[in-house]
Structure formats: structure tokens, C-alpha cells
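2 protein chains.
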Amino acid sequence: MDRKIKVAQYGTGKMSVYTMRYVYEKGAEIVGAVDVNPAVIGKDIGEIIGTENKGVKVVSLEEAEKMLTETKPDIVIVTTMSLIKDVEDALMLCAKLGINAITTCEEAFYPMNSNPGVTTKIDEMSKKTGCTITGSGYQDIYWGQLISSIAGSTQTIKKIKGSSSYNVEDYGIALAKAHGAGLTLEEFDSQVASVDRISDEERKSMIDKGEYLPSYMWNVNGWLCDKLGLTVKSQTQKTVPQTHSEDIYSSTLGMTVKAGDATGMSAVVTTETEEGITIESECIGKVYSKDDFDKNEWTIIGEPETTLVINKPATVELTCASIVNRIPDVINSKPGYVPTEEMGDLYYRVKPLNEYVK
Amino acid sequence: MDRKIKVAQYGTGKMSVYTMRYVYEKGAEIVGAVDVNPAVIGKDIGEIIGTENKGVKVVSLEEAEKMLTETKPDIVIVTTMSLIKDVEDALMLCAKLGINAITTCEEAFYPMNSNPGVTTKIDEMSKKTGCTITGSGYQDIYWGQLISSIAGSTQTIKKIKGSSSYNVEDYGIALAKAHGAGLTLEEFDSQVASVDRISDEERKSMIDKGEYLPSYMWNVNGWLCDKLGLTVKSQTQKTVPQTHSEDIYSSTLGMTVKAGDATGMSAVVTTETEEGITIESECIGKVYSKDDFDKNEWTIIGEPETTLVINKPATVELTCASIVNRIPDVINSKPGYVPTEEMGDLYYRVKPLNEYVK
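Protein chains in written order, with the numbering used here: chain L, 1 to 358; chain D, 359 to 716.
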């Protein structure tokens with residue numbers, strides 16, 4: 001493509017500060033921005049990313065369709081929420097207008113296995129209008145491509161075991177509470193773990209109705225199976241409390257979590273496949289002790305066994321860089337709701353983004 | 359392809375025990391085998407891999423052409439030596455006969471930057487006969503694809519720093535001596551380090567004449583630059599002695615390496631690119647102390663900084679599995695000497711290999 005790629009930003013919060021700057025740094029441009037927050041509507045995006053004015057003002061949700069129709073972006077970056085039903089309106093608007101979209105929404109990474117109803121609706125509309133909708137972010141490389149790469153050097157896989165951790169202190173009180181931080185183990189069991197103690201039929205029914213709440217790894221396991229050519233036989237999720245041997249003070253909760261009480265939880269997703277390979281991946285969110293730090297660790301068990309470790313990943317920057325580096329792939333992709341594993345592997349973009357567009 | 363892939367094995371030593379078994383396990387078959395060792399010529403390959411007889415006898419080098427002509431393999435796996443000039447005859451024979459070949463030869467991973475003369479010769483012949491020649495192995499994923507994957511999640515790269523270590527105790531006395539193990543630092547400097555203290559012109563002249571001895575990372579840096587779309591401005595190699603604070607006994611050398619003397623060496627290859635990105639990678643080969651173990655560690659420095667660690671990789675199995683998983687890519691590839699970075703990323707093969715051949 002011999003002109004700059006035009007990008008619209010949907011959601012102008014914390015992540016957009018990175019995605020918008022990265023877009024400019026990679027030789028593309030922001031042509032429009034949308035938010036619901038009255039405090040930012042009307043502001044120039046330069047104020048948000050801390051540069052000179054860019055001549056692009058944030059519009060309200062009501063004006064989104066008009067803005068997209070007038071500015072005709074090549075792609076929309078959606079950085080709002082983590083569940084597909086919460087980004088459905090944004091993605092459907094793009095699909096309806098025939099504009100490609102990429103989102104940081106974690107469920108959107110592989111939503112076909114947790115909310116097929118919404119996914120099919122977006123897929124059908126985007127196929128009709130000829131655009132591509134997808135999800136990317138940190139998981140694209142760190143829970144996806146790195147794992148499939150190690151698999152590529154393995155003769156026989158029996159099991160893939162993944163674990164990724166984060167500090168619930170960083171994400172506010174609602175998330176900390178949802179993770180059961182501060183509860184006794186009895187309270188954790190009845191208030192948190194019980195939600196996932198459902199039968200396969202109950203889970204299937206919830207998924208079919210679009211009422212299932214997947215943990216991040218639910219969608220990651222689906223993506224990995226697709227990438228590795230595996231057929232899912234069953235997939236379950238369970239919630240395990242995390243504890244620490246000493247009291248820990250949580251500033252987010254404003255309380256001391258007692259030794260032995262829940263500091264948070266691990267959501268473990270186990271996938272069994274027709275090929276006999278098991279994928280067991282867990283996301284650990286807890287109040288960190290002073291010795292804890294973010295860690296992403298995956299082991300492929302088979303011939304041979306290999307463990308990959310990434311310590312202290314800068315998840316925000318990695319998420320936003322992955323989103324921006326993926327832009328050419330999304331524009332080049334076939335229409336529909338296309339998971340990134342079908343777009344080929346993600347590469348560093350050393351040249352302006354438009355030079356990678358066919 | 360609706361029949362089993364036919365593979366010939368060139369070299370029936372330690373690595374072939376794995377590659378041949380893996381070929382069978384992945385639903386392909388060995389149709390011929392070559393070696394120079396009188397002790398194995400005439401043996402059935404089943405004796406080498408520890409199974410029942412396979413009805414395939416190892417032939418001598420003199421019979422290689424006849425065997426390849428008669429058995430018409432789809433691909434030859436060459437597992438003999440580490441320098442391209444030492445596998446030149448094998449690869450040229452395949453090229454002449456129009457048979458694809460893949461080799462574990464480390465220099466063959468990206469030989470165009472260390473021995474362009476031999477590479478061009480093989481490239482021209484294979485283009486004429488319509489086959490593909492390439493090099494793969496451990497480096498394909500662990501010094502290649504994992505690094506380009508992390509790069510894909512990075513916004514701006516300033517430097518890529520890689521380090522990989524191995525125990526020279528495992529590879530015989532010749533290699534231990536070549537690594538300077540057991541020398542005083544003065545001896546190391548004059549006998550080992552001095553070899554790389556040459557001007558850029560001298561190095562270029564040696565490369566042009568096919569007389570340059572690259573360290574493994576020399577070719578890896580070339581591969582990475584190609585994969586990341588970087589233009590090499592300069593590349594240098596230097597040898598740094600490794601030492602330990604205590605005496606270490608080396609069973610391979612049959613001597614005690616004194617504290618402060620060279621336990622081996624690190625070969626550091628530094629590549630500067632037009633794009634301003636530096637790649638500095640080192641291979642550390644030394645007599646291990648009891649606290650050392652094989653480690654593969656790469657850091658991408660930029661926005662953000664990310665470090666990937668693989669502890670205790672099973673290099674032999676990973677090398678052979680990579681070779682076998684790459685077979686469909688080689689058969690599907692365009693003709694010529696094609697580095698694996700041009701074949702797309704390496705995947706796990708869950709189905710018989712022939713099902714991945716177009």
C-alpha cells in the first residue's frame with residue numbers, strides 16, 4: 001500500500017496511550033477516536049498520548065458510526081473490555097461498515113469456543129461486507145506462538161503445561177475480590193470455586209446461550225489446539241485458591257490477608273484432545289508477596305521435555321506492540337472472524353506498516 | 359501427498375539414531391542409508407536404531423549415487439559434519455540428482471554469509487534440477503523462531519542479545535582443545551583468540567575464498583537479520599576465554615583446569631545493521647563446574663525489554679525433531695538453497711508427514 005495506514009482508536013484509556021503512539025511510530029496515522037468518558041470526549045488525542053495536538057478529537061459513542069463512515073479507517077483498534085459480549089457492539093459496528101478491527105479483548109483471541117453465538121454473528125456480517133475481525137495482544141506470542149514454536153521442535157507431545165501470573169494489586173478492588181483475595185478457604189470454595197463446579201452439559205448450555213465466563217486460558221487452549229491441528233474432545237475449567245505462608249497486606253483491598261487464607265486464585269483450564277495430547281494451562285492472579293513477580297512458564301512434556309520461561313514480561317507494552325505489528329496481517333487476511341493463528345506468525349515491523357500490506 | 363514420504367539417511371552416527379526413528383514415527387520411511395564407517399556399512403538400519411530389521415542396508419559413499427538413483431527418496435537427511443565445505447559433496451550430489459536435502463550442519467543454517475562460493479554452487483545446481491537444499495536443527499527454533507516471535511511483540515528493538523552454552527566435556531578432546539580448555543590466559547590469547555583478531559578486509563577475503571571458520575552464531579545472526587528484514591552493515595566475531603574461580607577436573611582432557619585458566623571459550627558475534635539494530639550473540643563452550651548447565655537465554659532490548667530463558671534443552675532430540683518436522687516445508691519449498699526462515703514457521707506434525715505436502 002503506497003499511503004499511510006489509517007487507524008481509528010475505539011477506547012482511549014490506558015492501553016490506547018501505547019497503541020496510538022505505536023501507530024504513529026510505525027508510520028501509520030490515527031484518523032479518529034471514540035470513548036464513552038465525558039472527561040475525554042472532545043479532547044485532541046495528542047493530549048492523551050502526551051504529544052502536540054494531532055488534529056483528531058475524541059468523539060462520543062453516539063458519533064462513532066458517523067466518524068468511521070467519514071474517516072474511512074483501514075482498521076479499528078478496540079481496547080475496551082475483556083469479554084466478547086462487552087466488545088460485541090464495537091466489533092459489529094466495524095463489521096457492518098466493512099472496516100477491519102483488532103481488539104485486546106482477551107476472550108476475542110478465540111471466542112468461538114466460549115461464545116459461538118456472538119462470534120458467528122460477527123463472522124457472518126464481516127464476511128458479507130468483506131472485512132476481518134480478530135483479537136490479539138500479549139497472548140498472541142506468550143501463550144501462543146512461543147508454545148507452537150517449541151512444539152515445532154518436539155517429536156511427540158504428551159502434555160502442554162502453561163502458567164502465567166499477575167498481581168491482582170494492580171487491577172483494582174473489583175478484580176481482587178473476584179479473585180477471592182482475602183477470603184478464607186471455606187469462603188473461597190463457596191463464593192468462587194463453586195461457580196466452576198458445573199457439569200459438562202451445564203457448561204455447554206451456558207456457552208451456547210452466551211452466558212459462560214471463560215478465564216483467559218479457556219480461549220488460549222482453543223487457539224493452541226487450532227494452531228497445532230488438534231481436535232478438542234473436552235475442556236474443563238476449575239478455580240484453585242492461592243495461599244501464602246505469611247500474612248500479606250493488600251493496599252487494593254485495604255486489609256491484611258492472613259497466612260493460609262486466599263491471596264487470589266488460579267484458573268486451570270484442561271483440554272483433552274482426540275490426538276491424546278492434553279493442554280493444561282493456568283492463570284494465577286493473587287496478591288504478591290515480596291518474592292513474587294510476573295512469570296510466564298510453559299513446559300512441553302513428551303520427547304523431549306522443554307521448559308520456556310519469561311520473567312517479568314512488560315505485558316502492557318507487549319500487548320500493544322503485538323496489536324500494532326498485527327495490523328498488516330489483519331488487512332491482508334481473508335474476511336470473517338479470523339483468529340490470529342490463521343494469519344501466520346507475527347513479525348517485527350521495521351518498515352512503515354503500509355509496506356507490509358499487499 | 360497420498361503415499362509415505364521416502365527419506366534417505368546420509369550419515370548413520372549418533373544423530374541418525376533419532377532422525378531415522380522419528381521419520382518412521384511420523385509415518386514416513388527410510389529407503390536408503392549411507393556411511394563411510396566400514397563397521398556399519400552393510401548393516402541393516404534396524405540394528406542402528408534398535409528395532410527389527412527394516413530391510414534397508416547402509417551403503418558406502420561410493421554407492422551413494424547409485425542408491426539415491428534407484429530408491430528415489432523425496433528428501434535426504436544429512437547428519438555428518440558442522441561446516442558447509444564438509445557437507446558440500448553430499449549436498450551437491452543431492453542437488454545434481456534433483457533430490458531435496460536437509461542437514462544438521464550448523465553452518466548450513468545460513469551459509470550465504472560465511473561461504474557464499476559453496477552456497478551459490480549448490481543453489482545454482484538445485485535450481486537447475488528443481489530441488490531444495492537447506493539446514494535446520496536446534497537453532498531453527500531456539501536461536502531463530504523464538505527470537506523472531508519475541509521481536510513480533512516488540513515495538514522498537516535496539517539490541518538483541520543471545521547466549522547459549524554447552525559443556526565441552528560432551529564432545530571429545532579435539533573440540534575441548536579447540537575451545538582452549540586447559541590453557542593459561544596467555545596461551546589462550548595467542549593460540550585461540552588471535553585467530554579472530556583480523557581486519558574486516560581479511561575476514562571478507564577469507565569468506566570469499568571459502569576459508570573462513572564461522573562460529574555457530576555467525577550464521578544465526580545472518581538468519582535472524584534476514585528473518586527480521588534487517589540489512590547487515592558489519593559483522594565481527596571475537597573469542598573470549600571463560601574461567602572459573604576454582605580448579606575443575608576435565609575427564610575429556612584428563613587434566614585439572616586451574617582456577618583462572620581457560621575452561622573454554624565464548625565466541626561473540628556482533629552484527630550492526632542499517633536499521634540501527636545490533637545483534638550480539640554468543641556461544642559458550644566450556645568445561646562445566648557442578649553449578650553449570652546448558653542454558654539458552656535471549657534478551658530483546660528496546661520497548662519493551664524481554665528475556666526468554668530455556669534451561670537444560672535436550673539439544674539432540676530438539677535438533678532431530680526440528681529436522682523431521684521441517685521435511686514437508688522443504689518438499690513444498692521453491693527450488694534452490696533456501697534458508698528455513700523463508701519457509702515460514704516450523705510446526706508440530708501431529709499427522710503423517712505426507713499429509714503436509716502439497
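The hints are simulated quantities; they were obtained by calculation from the structure and are not laboratory data.
Built from N, CA and C at the ideal position, the CB exists for glycine as well.
Some clues are possibly wrong.
Derived DEER-like restraints, expressed as beta-carbon distance ranges [claimed, not checked]:
1) D:LYS486 <-> L:LYS85: 24 to 34 Å
2) D:SER592 <-> L:ALA39: 47 to 57 Å
3) L:GLY42 <-> D:LYS670: 35 to 45 Å
4) D:SER418 <-> L:LYS159: 42 to 52 Å
5) L:LYS158 <-> D:LYS372: 37 to 47 Å
6) L:ASN53 <-> D:MET359: 25 to 35 Å
7) D:THR594 <-> L:LYS85: 49 to 59 Å
8) D:LYS716 <-> L:THR71: 12 to 22 Å
Quick rundown of the hints versus the structure:
no.: 1; hint: D:LYS486 <-> L:LYS85: 24 to 34 Å; result: 59 Å, violated
no.: 2; hint: D:SER592 <-> L:ALA39: 47 to 57 Å; result: 51 Å, holds
no.: 3; hint: L:GLY42 <-> D:LYS670: 35 to 45 Å; result: 57 Å, violated
no.: 4; hint: D:SER418 <-> L:LYS159: 42 to 52 Å; result: 43 Å, holds
no.: 5; hint: L:LYS158 <-> D:LYS372: 37 to 47 Å; result: 25 Å, violated
no.: 6; hint: L:ASN53 <-> D:MET359: 25 to 35 Å; result: 60 Å, violated
no.: 7; hint: D:THR594 <-> L:LYS85: 49 to 59 Å; result: 56 Å, holds
no.: 8; hint: D:LYS716 <-> L:THR71: 12 to 22 Å; result: 41 Å, violated
In the structure shown, a violation is registered for the earlier hints numbered 1, 3, 5, 6, 8, in ascending order.
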